[in-house]
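There are 2 protein chains.
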Amino acid sequence: MKFFLTIYILFIVYYPSIAGWIRPHHFNIISRSIHDFHNDRCKQFHTVTQQVDHLSFVNKDTFQQRYILNTDYWQNGRPIFFYAGNEGDIDLFCDNTGFMWDIAPNFNAMIIFAEHRYYGHSLPYGNQSYSKPEYTRYLTSEQSLADYAYLIDYIRTNIKGAEQSSTIVFGGSYGGMLSAYFRMKYPHLVAGALAASAPILQMSTPCESFTRIITQDFLRESSSCVKIIRSSWHAIDRIGILPGGRERLTKLFKLCHPLKTIAELKNWLFDIFANIAVVDYPYPTSFLADLPAFPIRIFCTNVTSSIIDEINTDEEIVKRIVKGVNVFFNYTGHTECFDTGSQGTPSLGILGWSYQSCTEFPMPICSNGISDMFEIQPWNFQAFSDYCFAQWKVRPRSEWTFMEFGGKPITNFRYYSNIIFTNGNLDPWSAGGVNSTIVSSLPAILITGGAHHLDLRAANKDDPQSVIQVRQEIVKLIQKWVS
Amino acid sequence: MKFFLTIYILFIVYYPSIAGWIRPHHFNIISRSIHDFHNDRCKQFHTVTQQVDHLSFVNKDTFQQRYILNTDYWQNGRPIFFYAGNEGDIDLFCDNTGFMWDIAPNFNAMIIFAEHRYYGHSLPYGNQSYSKPEYTRYLTSEQSLADYAYLIDYIRTNIKGAEQSSTIVFGGSYGGMLSAYFRMKYPHLVAGALAASAPILQMSTPCESFTRIITQDFLRESSSCVKIIRSSWHAIDRIGILPGGRERLTKLFKLCHPLKTIAELKNWLFDIFANIAVVDYPYPTSFLADLPAFPIRIFCTNVTSSIIDEINTDEEIVKRIVKGVNVFFNYTGHTECFDTGSQGTPSLGILGWSYQSCTEFPMPICSNGISDMFEIQPWNFQAFSDYCFAQWKVRPRSEWTFMEFGGKPITNFRYYSNIIFTNGNLDPWSAGGVNSTIVSSLPAILITGGAHHLDLRAANKDDPQSVIQVRQEIVKLIQKWVS
Chain Y
296 MKFFLTIYIL
306 FIVYYPSIAG
316 WIRPHHFNII
326 SRSIHDFHND
336 RCKQFHTVTQ
346 QVDHLSFVNK
356 DTFQQRYILN
366 TDYWQNGRPI
376 FFYAGNEGDI
386 DLFCDNTGFM
396 WDIAPNFNAM
406 IIFAEHRYYG
416 HSLPYGNQSY
426 SKPEYTRYLT
436 SEQSLADYAY
446 LIDYIRTNIK
456 GAEQSSTIVF
466 GGSYGGMLSA
476 YFRMKYPHLV
486 AGALAASAPI
496 LQMSTPCESF
506 TRIITQDFLR
516 ESSSCVKIIR
526 SSWHAIDRIG
536 ILPGGRERLT
546 KLFKLCHPLK
556 TIAELKNWLF
566 DIFANIAVVD
576 YPYPTSFLAD
586 LPAFPIRIFC
596 TNVTSSIIDE
606 INTDEEIVKR
616 IVKGVNVFFN
626 YTGHTECFDT
636 GSQGTPSLGI
646 LGWSYQSCTE
656 FPMPICSNGI
666 SDMFEIQPWN
676 FQAFSDYCFA
686 QWKVRPRSEW
696 TFMEFGGKPI
706 TNFRYYSNII
716 FTNGNLDPWS
726 AGGVNSTIVS
736 SLPAILITGG
746 AHHLDLRAAN
756 KDDPQSVIQV
766 RQEIVKLIQK
776 WVS
Chain P
296 MKFFLTIYIL
306 FIVYYPSIAG
316 WIRPHHFNII
326 SRSIHDFHND
336 RCKQFHTVTQ
346 QVDHLSFVNK
356 DTFQQRYILN
366 TDYWQNGRPI
376 FFYAGNEGDI
386 DLFCDNTGFM
396 WDIAPNFNAM
406 IIFAEHRYYG
416 HSLPYGNQSY
426 SKPEYTRYLT
436 SEQSLADYAY
446 LIDYIRTNIK
456 GAEQSSTIVF
466 GGSYGGMLSA
476 YFRMKYPHLV
486 AGALAASAPI
496 LQMSTPCESF
506 TRIITQDFLR
516 ESSSCVKIIR
526 SSWHAIDRIG
536 ILPGGRERLT
546 KLFKLCHPLK
556 TIAELKNWLF
566 DIFANIAVVD
576 YPYPTSFLAD
586 LPAFPIRIFC
596 TNVTSSIIDE
606 INTDEEIVKR
616 IVKGVNVFFN
626 YTGHTECFDT
636 GSQGTPSLGI
646 LGWSYQSCTE
656 FPMPICSNGI
666 SDMFEIQPWN
676 FQAFSDYCFA
686 QWKVRPRSEW
696 TFMEFGGKPI
706 TNFRYYSNII
716 FTNGNLDPWS
726 AGGVNSTIVS
736 SLPAILITGG
746 AHHLDLRAAN
756 KDDPQSVIQV
766 RQEIVKLIQK
776 WVS
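The listed protein sequences derive, respectively, from chains Y and P. Residues in the first sequence are numbered from 296 upward in steps of one, following our numbering. Residues in the second sequence are numbered from 296 upward in steps of one, following our numbering.
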């Protein structure tokens, strides 16, 4: 079995590479083969007709938005729990947001997961949705919030007993940003929001923060591990420039296809480091295919096993990294080779987030080689913008995002209310999160030992005490909002 | 001098006429020749570059938005008073919003009047702005609010000492709606809003309310007057169908051009009745050209003077109406003839509101002949929608307006704060206003004896006590918001 990195949940990371923006880095993955929490109820799909363009009147096209509806626990008049779908198939978010299912019975809540336009099956122009600017232009957060507003109204109108139901909006990562935005812009429709691991400030966060947190996660497990990773970049270079060097690296890393460039390998390794930091959960999960509990720990154990005082050869350094990467092999034993990039046409999820990064949400990520274990890769906004123009005929305007939703300065969020911002200290995306409570109605809660939106996942026997407590706090606040 | 009804401020009324929607009714006028309050500072124009499309990224066109800036009273760090411009040249709103100038010295406030896109000189595509759907599509309230957000940010960034200034937004009529919407959607930018005579609910208000209030205003002055108006419609019909009847009516009413249809005359009369109710101020003004104080009273005095028990002839009835209309002649003595409609290309103000009525703000107005003094004219949404499609290639979707801004039911406004809704009991537009206080942070204040946004006008020795008190209340609330 190939170890194919299916890009799915979370964000594509636009990290400046030697290869430039033409082949953007990405990561953030769900293997579709095995889910942590496979929920048959996440296949109960419905559709609703939406305007392609809510915000103007010239284009009268409509499309079918997909959503999941569950009323197993619901009683008349009781709340609606609404998940603001993000960049992918909605059933994947449903499968990985067990928290809503865990607490719905206590609230006799209806559960809705709404698929984000331009992702999954909710494609305004079918498989042509990404084919030209006239079709992509309706992929914005404002349009998706309008979809969600209409969907809530539709449910309240069409399900008897739901007319007066309070709605609580949930979301993680970009979905967490939408969750916060939805409460900000539509307080007449939603009573409160859980914005889990929402990097709502990432567009203006120092670009090195993300890689610094990855590095801290690895340092927490082993400083030797970080030392080896740090030295591996030049080791790879030195092997790569030798005659037959790329072939040697292809073989060492068990790659499915011959390496074309050294940058390709480095990008792929960066993706792996970033990913296992993002999903460094305390129990086995299938984010980034199938991972063991504490994947960084396992990675570093492999890298540093039988360590000697001095590592003398480039080959030895690289072999240790390979051993770390083998954490994937070792865990399931099924992977025969690794693929350093997605093949052929990228999935719509990749296209969508590429477009959104190129418009409202350019999220600078860089490394300086000092506060992080990577090579120096400065962020170059102009180069990124040029990439966006070449790719999509658009240029990013993140100042609009802050103008529309606030956050610059962060204190101007204080005019909003009933939003919980949770972040895990292990999560690189926490760099762009709201990490301090600005006003009491916008509590910022840190989950110690938490990776990316751990709080949204189903309860697990291996959950740290921190997330158990945070979930209790969230439930209390929701009780307050719906009462 | 022709008495030419220059359509300017306020709304075009889409009142179903016998002639259908092809020639929509309109009213709401400012004579550009004489202003109530002519303020040289309303000619201090500036411009700022705005995105034509804030809400998508494909169209990168920009345009120059015009605004008026005054810092005569301003001190560093003190508030910004921002007028959310409505459907017309911004200097006209500036000239007719003396209240902001009156109270600015007390607050050491900076004054800004922002021109609404697609009106005045703020034309995204110059004189082609209304030429095709691809150009008109950016005429929406959301886009204009985004302009205002950018303008405030621009001022705060570029005027030293304004970085931390609180902004209070003012507006009357449609500008009052925008003022409320601006506070709702951008509380991180504006601390509070005065929404004066804002018919924010007119899209869902029973259509006969507007004409009922006009009638009540006339009844308050004279029931005989209303009786004569009521009987005039058939009198006009009976004269009109006679051989040479239209010529006779043309002569009786001193029209500049021969009447083509009876409907044309009736529409024009409806406009006059609606207009003088809207601007039934207690002192002479130049809304609707030059009007005396209490124009309804003067109109009715003329109509009912030397009244006899029984009015026997159609001609006599019509002559009395003509005498009422002559209130305009009598007041300035300059008008030689009346023009029943705008000639040639309507001004951009008409075009703009026509488009906005056909998209976000369809405001049903009808008459039943019972609660009002007009003929029966039912509201026909489908006919209106068809007119819109023929005219602009769009159809109205007012459900979007309520989805976006709340108000259906009205109680869902309660999730917003710091908006004062003022309405005058004489104002037909008060029918669609917020007339009861939903929560304490959204006070609804009635101005007894007030016509359309009387409170926004400069203080006048003939102001009723009610408006004096209301202005004091407004000042107190603004003091609370900016402190």
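Among these hints, one or two may not hold up.
Repeated chains share a single entry, so a pair holds when one copy, or any two copies, can fit it.
What the hints assert, rightly or not - DSSO-like cross-link-like pairs, simulated, lysine-lysine; straight-line CA separation at most 27 Å:
#1 K455 to K775
#2 K355 to K427
#3 K703 to K455
#4 K703 to K355
#5 K614 to K546
#6 K455 to K355
#7 K688 to K455
#8 K549 to K522
#9 K688 to K355
#10 K688 to K771
#11 K355 to K338
#12 K355 to K771
#13 K549 to K338
#14 K549 to K427
#15 K614 to K355
#16 K522 to K756
#17 K455 to K549
#18 K338 to K555
#19 K688 to K775
#20 K355 to K756
No lab work stands behind these hints: they were computed from the structure.
Exercise for review: Mind listing which of the numbered hints don't hold for this structure, in increasing order?
Suggested key: Violated hints: 6, 7, 10, 11, 12, 13, 14, 15, 16, 17, 18, 19 and 20; rest satisfied.
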